[in-house]
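2 protein chains.
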Amino acid sequence: MQLDREIVERLLERWPVARLVTLGRDGRPHVVPIVFARHGGHLWSPVDAKPKAARELARVRNVRTRPEVSVLLDHYDADWTMLWWLRVDGRASAVEAGDPTSQGSLELVASALRAKYPQYASVQLFRGKPLLLRIAIEQMRSWCAGPEAARAASEGVLER
Amino acid sequence: MQLDREIVERLLERWPVARLVTLGRDGRPHVVPIVFARHGGHLWSPVDAKPKAARELARVRNVRTRPEVSVLLDHYDADWTMLWWLRVDGRASAVEAGDPTSQGSLELVASALRAKYPQYASVQLFRGKPLLLRIAIEQMRSWCAGPEAARAASEGVLER
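Just so you know, the protein sequences line up as chains A and B, in that order.
Position one of the first sequence corresponds to residue 27 (this note's numbering), numbered consecutively onward.
Position one of the second sequence corresponds to residue 27 (this note's numbering), numbered consecutively onward.
Here chain A stands alone, though its shape is the one from the complex (with noise of 0.2 angstroms):
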């Protein structure tokens, strides 16, 4: 069973984490949680938010050579009845401050990630030079267990 188009809509505006696979140069995936806001169509991810090494994340590496992503976002519960995932399959560019692509969209972007992400009050949203993910919808599945799983998801809410 497939998730309802509002209820896709709905998780891509307020469902917390996904989980997004990248491609290395020797065509390996590469996977991640991330977090992310949707904007303009596109799904947004930030890359500076956490602590992480110093040299540019894999994941951004890989989409500036293999711009095919997946991401995956899903709902993991012990009751069985309760499954489901949607899965949205694209293309993924890294978009920095400054960028001619990134004008006027970034400060939006930021927005709907802080309105999105209350942590980002005391978390800081980037270190330095702003860089995000912009990932292109290409195509869309679902699945579901059944009618208690959308209902589930409509709620479109993650509590921990």
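Hints were generated in silico from the structure; no laboratory data involved.
Keep in mind that the hints are not guaranteed to be accurate.
What the hints assert, rightly or not - Taking beta-carbon pairs under 10 angstroms as the criterion, some of the chain B residues facing chain A (in silico):
id: 1; residue: Val-34
id: 2; residue: Val-43
id: 3; residue: Val-47
id: 4; residue: Gly-53
id: 5; residue: Val-58
id: 6; residue: Pro-59
id: 7; residue: Val-73
id: 8; residue: Val-86
id: 9; residue: Arg-90
id: 10; residue: Glu-94
id: 11; residue: Arg-113
id: 12; residue: Asp-115
id: 13; residue: Ser-119
id: 14; residue: Val-121
id: 15; residue: Ser-148
id: 16; residue: Leu-151
Cβ coordinates follow ideal geometry from the N, Cα and C atoms, glycine included.
Chain B: place on chain A using the hints.
Quick look at chain B alone, frame taken from chain A:
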């Protein structure tokens, strides 16, 4: 900060959900939530447990031609000091009942799955011929936000 080896071992034994990335023939990534159990040093994920489409699942088709997989265990929490992830890169193969390579192990794997997931008391573990993905671990990487996250990960249990 990485997770201690002991915590990693516990997560591989107890954490109930992971996200599995496989690669399609076209090289594009495919990501899906999975349940799994560890047996004989491998991760084993049953393919047939929940209602699915009739033709062979993408993850199975994929590993038949591209065995490279990535598996992510992670915890999202509104408290970002509690975040952690564990990524397992490996090689997967589809193992069916009756395969010479599966002799003896499939019953033990089924026991491990039933012990880990009480849900299999009411959900059928396999429909028809047992089919599993066996993932040989090649490399692991982990990250946690700090000592509190490590402590939570060491409990290795997801309540909901």
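Each hint, compared with the structure:
Contact between Val-34 (chain B) and chain A, as hinted, is not supported at the beta carbon level, the nearest pair being about 16 angstroms apart and thus beyond 10 angstroms. Interface restraint check: Val-43 (chain B) against chain A, minimum CB-CB distance 4 angstroms, threshold 10 angstroms, status holds. At a threshold of 10 angstroms, the smallest CB-CB gap from Val-47 (chain B) to chain A is about 4 angstroms, leaving the interface hint in force. Interface restraint check for Gly-53 (chain B): the shortest CB-CB distance to chain A comes to about 6 angstroms, inside 10 angstroms, so the restraint holds.
For Val-58 (chain B), the interface hint holds, the least distance from its beta-carbon to any beta-carbon of chain A being 7 angstroms, beneath 10 angstroms. Interface restraint check: Pro-59 (chain B) against chain A, minimum CB-CB distance 5 angstroms, threshold 10 angstroms, status holds. At about 14 angstroms, the closest approach between the beta carbon of Val-73 (chain B) and any beta carbon in chain A exceeds 10 angstroms, and the interface hint on this residue is violated. A distance limit of 10 angstroms between C-beta atoms decides the matter here; for Val-86 (chain B) the minimum to chain A is near 16 angstroms, and the interface restraint is violated.
Taking 10 angstroms as the C-beta cut-off, the interface hint given for Arg-90 (chain B) is violated, the closest approach to chain A being about 16 angstroms. Interface hint status for Glu-94 (chain B): upheld, as the beta-carbon distance to the closest one in chain A is roughly 5 angstroms, under 10 angstroms. Against a cut-off of 10 angstroms between C-beta atoms, the interface hint on Arg-113 (chain B) holds, since the closest Cβ of chain A lies about 6 angstroms away. The criterion of a C-beta within 10 angstroms of any C-beta in chain A is met by Asp-115 (chain B), whose closest approach is roughly 7 angstroms, and the hint holds.
The interface hint given for Ser-119 (chain B) is violated, since its Cβ lies 17 angstroms from the closest Cβ of chain A, which is over the 10 angstroms cut-off. Annotation: Val-121 (chain B) was flagged as interfacial toward chain A, and the flag is violated, the nearest CB pair being 21 angstroms apart, outside 10 angstroms. Checking Ser-148 (chain B) against chain A: minimum C-beta separation of about 9 angstroms stays under 10 angstroms; hint holds. Contact between Leu-151 (chain B) and chain A, as hinted, is not supported at the beta carbon level, the nearest pair being about 12 angstroms apart and thus beyond 10 angstroms.
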